[in-house]
Amino acid sequence: MFGVSNWHMKGLLLLLLTLLLPMGVYAMDAPESVTIDTIAKYYEPVEFDHAMHMDVAEDCSVCHHHTTGTGATNPYCSKCHSENRESATVACQGCHSADPFSAESIRRQGELNLFHDDLIGLKGAYHENCLGCHRQMDGPTGCEDCHAKTDAGERLYHSGKYAPEPSTHSAAEHE
Amino acid sequence: MSKVSRRKFLAGSLAGGVAAMLAPVKKVLASGDFRGFPDGMGVLVDLTRCVGCRSCEAACNKEQGLPAPDLPFDDDSVFDETFHHGTQKRRTTEKAYTVVNRYEPKDSDQPVYRKVQCNHCNEPACLTSCFVKAYTKTNEGAVIYDEHVCVGCRTCMVACPHNIPAYAYSKVIDPVVKKCIFCYDTRVSKGRPPACVEICPAEALTFGKRKDLLRLARARIKSSPEKYQQEIYGEHTVGGSAWMYIAGVPFEELGFDTTLPNEPIINNVKGFLGMVPMVLAIWPALFTGFHLLATKNKDHDHHDDSHTGEGEK
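Top to bottom, those sequences are chains C and Y. 152 is the number that this note's numbering gives to position 152 of the first sequence; each next residue is one higher, with no gaps. 1200 is the number that this note's numbering gives to position 200 of the second sequence; each next residue is one higher, with no gaps.
Hints listed in this document are in silico derivations from the structure and should not be mistaken for laboratory results. Idealized CB from N, CA, C, for every residue including glycine. Be aware that one or more of the hints could be misleading.
[Claimed, not checked] Simulated pairs of lysine-lysine, DSSO-like, Cα-Cα distance not exceeding 30 Å:
1. 1089/Y x 149/C
2. 1222/Y x 1270/Y
3. 149/C x 1095/Y
4. 1133/Y x 79/C
5. 1211/Y x 149/C
[As the list claims (entries may be wrong)] Coverage of chain Y stretches by chain C, computed from C-beta distances (three or more under 8 Å per stretch; other residues unrestricted):
6. 1065-1076
7. 1100-1108
[Unchecked claim] From the derived model, a few chain Y residues whose C-beta atoms are all more than 12 Å from chain C:
8. 1191
9. 1193
10. 1216
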């Protein structure tokens, strides 16, 4: 009885290993969840469910372009990035700068012999990429559907506890 | 001590005077060809990216220390506000140097949002029209103004082809004109992007040198011709501006004035204004001369005959 169970266990393990191995090639270090907090200031950090989005997107290159080794979906990109090779960095902020208008970035804009001279910044990349899909697939699109405002955010937007007193302001039609 | 003779001194001052007189005339005549400072900065507004979050309005309010808004900056109901019997959407005011308006173009399945602020023209009509020279076009491309010089005449409000300068009607004492200054004092003069650009979550606003932005705009249009209109609004409009727009639907459907000429506003009056100093300097002398010549003989007719008529020939 005990011996049979042991054999079963070994078989199950082997089966699991063979199933997991091809997945491991693609998603070697793919995290379950990513905390996006490097640019959080007026909004709280976003707890990004990476595993769920991997299921939804099916192909890594939908978000990661050519960096994950699954080939580029955009034909323009595949002119150079046709090789299915994983890049040294696959994180968004590896390429998309959190400070897209630094002196260095502005100098890059003027480089005539450079590809990626119109490289969108980190904040722009997130919102362009996320919102595009979320609109198509009926995901959340409101600002606070993904991230709640911080106290600094409420102060900036004059909202929440910093909201202006309800005054005689009449919306819709002015003369 | 000095060896400058009286004759040399007079000749020198005469030459200097002539040069000083001619210089401004030349400057006025040449100004119509000005196409912006070579390293002037600008902003490219990509209206296909704007999500209408109004964060730029909030950031502007904070950066410029403007009074609290009537409604929170995350309140979408402002997009339904209309003025003058529904013919106008929100415009810039003394309390808001930038506003975002919502449009529903017929060929677009979702609304398009348009940010309005000073476009910082290469040849600003406000600057041209200001008779106290309150306005300055800086090397960085910003059109700024000196509140202490402004007399509140509102000529610039009439002159601006984009209806941007607003008036501090709320101020009883010393009301002045108010408008976006490209965050010049606090940011652009130090090489940093304006507050609205920095906060924009979708990077609908791209800050850079105007000449580079033009190239980036063309590249974006070329790589996605199905997504964009071919024109870059502000490339040539009224002589070009530091702020430029690209969009996915025709500009006239987004409240842009597409009837504006490509010539700067100053070109309408340049020929005339160039003549003014010449007329003021030469005509009095010329006509005094004519008058003297014409009345020379007449003058002597009135003299009595006790003189021997030495003026007569």
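Taking the hints in turn, this is what the structure says about them:
1. Taking the CA atoms of residue 1089/Y and residue 149/C, the gap is near 28 Å; set against the 30 Å cutoff, the hint holds.
2. Our distance criterion of 30 Å between C-alpha atoms is broken by residue 1222/Y and residue 1270/Y, whose separation comes to about 37 Å.
3. As the CA atoms of residue 149/C and residue 1095/Y are separated by approximately 24 Å, the hinted pair is consistent with the 30 Å bound.
4. A threshold of 30 Å between alpha carbons decides the hint, and for residue 1133/Y with residue 79/C the separation of about 54 Å lies outside it, so the pair is violated.
5. Restraint check for residue 1211/Y and residue 149/C: the C-alpha separation of about 37 Å exceeds 30 Å, so the hint is violated.
6. By the rule of at least three residues with a Cβ nearer than 8 Å to a Cβ of chain C, the coverage given for the region 1065-1076 of chain Y holds, with 8 such residues.
7. A count of 0 residues in the region 1100-1108 of chain Y with a Cβ less than 8 Å from any Cβ of chain C is obtained; the coverage claim is therefore unmet, three being the minimum.
8. The Cβ of residue 1191/Y does not lie farther than 12 Å from every Cβ of chain C; its closest approach is about 6 Å, which violates its non-interface assignment.
9. A beta-carbon of chain C is positioned within 12 Å of the beta-carbon of residue 1193/Y; the least distance is around 4 Å.
10. Against the 12 Å criterion, residue 1216/Y falls within the reach of chain C, whose nearest CB is about 5 Å from its own CB.
Hints 2, 4, 5, 7, 8, 9 and 10 from the list above are not met by this structure, while the remaining hints are.
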